[in-house]
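A.B. asks: This is what each chain is made of:
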Amino acid sequence: MDRLPKWADVALVPLISLLLAAVISALVLLAIGQSPVEAFKVMVDGALGSPYGWGYTLYYATSFIFTGLAVTVAFHASLFNIGGEGQAQLGGLGVALVCLAFPWPHWTVALLAATAGAAVFGAAWAAIPAYLQAKRGSHIVITTIMFNYIAAALLVYLLVDVLRPAGQMDPASARFPEGAKLPALNDIPLFNLVFTKAVPANVTLFIALAMAVVVWALLWRTRLGYQIRAFGKSESAAKYAGINPVRITIIAMLISGALAGMMSINNVMGEAERLLQNSSEGAGFIGIAVALMGRNHPFGVVLAALLFGFLYQGGAELGLWTSIPIEMRIVVQGLVILFTGALDMMVRMLLGRIFGLFRSAKAIRSAGGAA
Amino acid sequence: MDYATLLQMLDTTLRLATPLLLACLAGLYSERAGIFDIGLEGKMLAAAMAAGAVAALTGSAWAGLLAGIGASLIFAAIHGIASITFRGNQLISGVALNFLASGMTVLIAQALFRQGGRTPPLTGDARFNPVILPGAEAMRDIPFVGPLYYEVISGHSVLVYMAFLIVPLTWWVLFRTRFGLRLRAVGENPAAVDTAGVSVVGLRFAAVAITGVLCGLAGAYMATALQAGFGREMTAGRGYIALAALIFAKWRPVAAMWACLLFGFFQALALRPDVVQAVVQVKVPVPFLDALPYILTVLVLAGFVGKAIPPRAGGEPYVKER
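First to last, the protein sequences are chains A and B.
The opening position of the first sequence corresponds to residue 1 in this note's numbering, with each subsequent residue numbered one higher.
The opening position of the second sequence corresponds to residue 1001 in this note's numbering, with each subsequent residue numbered one higher.
If you're looking for bench data, these hints aren't it; they were derived computationally from the structure.
No false leads were mixed into what you were given.
No farther apart than 30 Å at their CA atoms in a straight line, the calculated lysine-lysine pairs in the DSS-like style are these: (1) K239(A) - K135(A); (2) K197(A) - K181(A); (3) K6(A) - K362(A); (4) K135(A) - K1250(B); (5) K6(A) - K1320(B); (6) K6(A) - K233(A); (7) K233(A) - K135(A); (8) K197(A) - K41(A); (9) K239(A) - K1250(B); (10) K1320(B) - K239(A); (11) K1250(B) - K1320(B); (12) K1250(B) - K233(A); (13) K1320(B) - K233(A).
Partial chain A-side listing against chain B, Cβ under 7 Å, derived: (14) I32; (15) R136; (16) I142; (17) I337; (18) A342.
Beta carbons are placed, not taken as given, at the ideal position from N, Cα and C, and that holds for glycine.
Taking the hints into account, I'd like the entire structure generated from these sequences.
C.D. replies: Below, the structure is given as structure tokens:
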């Protein structure tokens, strides 16, 4: 097979995969008797047509940056962490416990503490599957899936029986104190010139972007990152080079779990301001699509997270204004994972053919010129 | 716990073990041929929706069953194309198909019936009804054995008996036929199979197709026998539990049956908090019981499996020329 030029590999392959996913999504909409053009218009209007829409798109994107980075770090160690959902929900628990512990004097202090709480709880939830994978060889994919279900049950129990204030009906924690309220984009000077209405996107966005840089630096500029990537490329070579597989497996999963947990400062602390059931709403799973779409690079993850932020806000608008069920988002998510992750080779083969054709045409022309 | 309660629990265990067993055997064929499949869940879900929808529209459970198998086969074909033809990552393909099934089932059910993503409740011939085995009524009064036969063994839908018959059949196919030998070989050493002049791709597609059929049975059972209709996310992780059972059983059919019965029993426990409470003498929170099958799955995977060695070429796409 012909080798693709680097620019095609980096940009063209994901774009074509995305296009294929979009085409199939359109066909799905046609099949259930809806208009894809109309649907796309509603999505663009709702997600990107106003600062208000952008406020939601960026809010979702913030969560997806965290979960996308979480999957990315694990992927580099050749570990497939499907447990982002459970880790994010446990992260939410960490945030809630921290926020409810004190009448926080200022949001900056509360944010620091809550971030730590979210990261620790998320990492702890990833630690057991990590240990079982490293020490006992239980496959991380199965154990992390199981831990998602266990996390959901644990949170139902805690919210109904433990954290729910007396006299409250719905299974949720108490409201967080005033001091733990994060500024939304409409509260921040300069940003409030654009975002005049209250939006859910908040300062966590900047933490997410900073984490993208941190993850990049960690993976490509530190010894640990090198070890993680080396281990991911070849376990036996890494072992031979003196890298401890147990240590790297556990550390990579701890980082991954911490990142997934940290998304909860966005939704639990920044938006709901109390812990609700199923707080992560599938964002942990979206991380898989985001990481694949972003080619496992933090920069790509940020772009893919924006795309999925658009898709999520747009999908919500579809559920609001049309009769297309909100589950359309999950279909698109599945298609993106399918094309960017599993059918990657198909797209490459296709492109390789096309580039091959161009090349041979050029070769024939230059051969003709020489003669 | 008295004898009657125990019988009830065992009866529920059989009911709940059936979809696990079908999905587990489905995974067995695929993984023995070297194709990991974490998309069992999605295939079951798609089959459940198709079976529920077609049974509701035609009033025939058998038509529903065929539709379920068809839907599951479509998903199996996509998995095959992605992981065999295009040598993609089998885990990622499985995850993608699970999401696709999760969304598509609601979309289609909503487009067809407009009942919030469910299919209409099934009655009469649209469901697989209990089969009373011969002699069950007559033996009912024989102490101990009679109620066991009547309550536990008899009175299930035909799909339950089918599932348990597929266990010896699978054993026979895998270990006593030429096809089975080749299937196992292709999961251990595809290059050897290729050298012998047998198509690796053909065998693997055959295995994935069998997986599709069995997942179709599992899904159809969920919607037309265990419950009366399809509801969103109704498989609730059973595909993953089946995978865990498969590992627990070390990819062997008879052991798979025992593993699925065990996991089925865990699920039956979760449905009876009163029984659990009576046995352990402590009030157990219901969410804990809900999580119990998953917790026990992790425990089983963590400690009691011993060394579970998967088929050697599992997860690796086969590249013909090096």
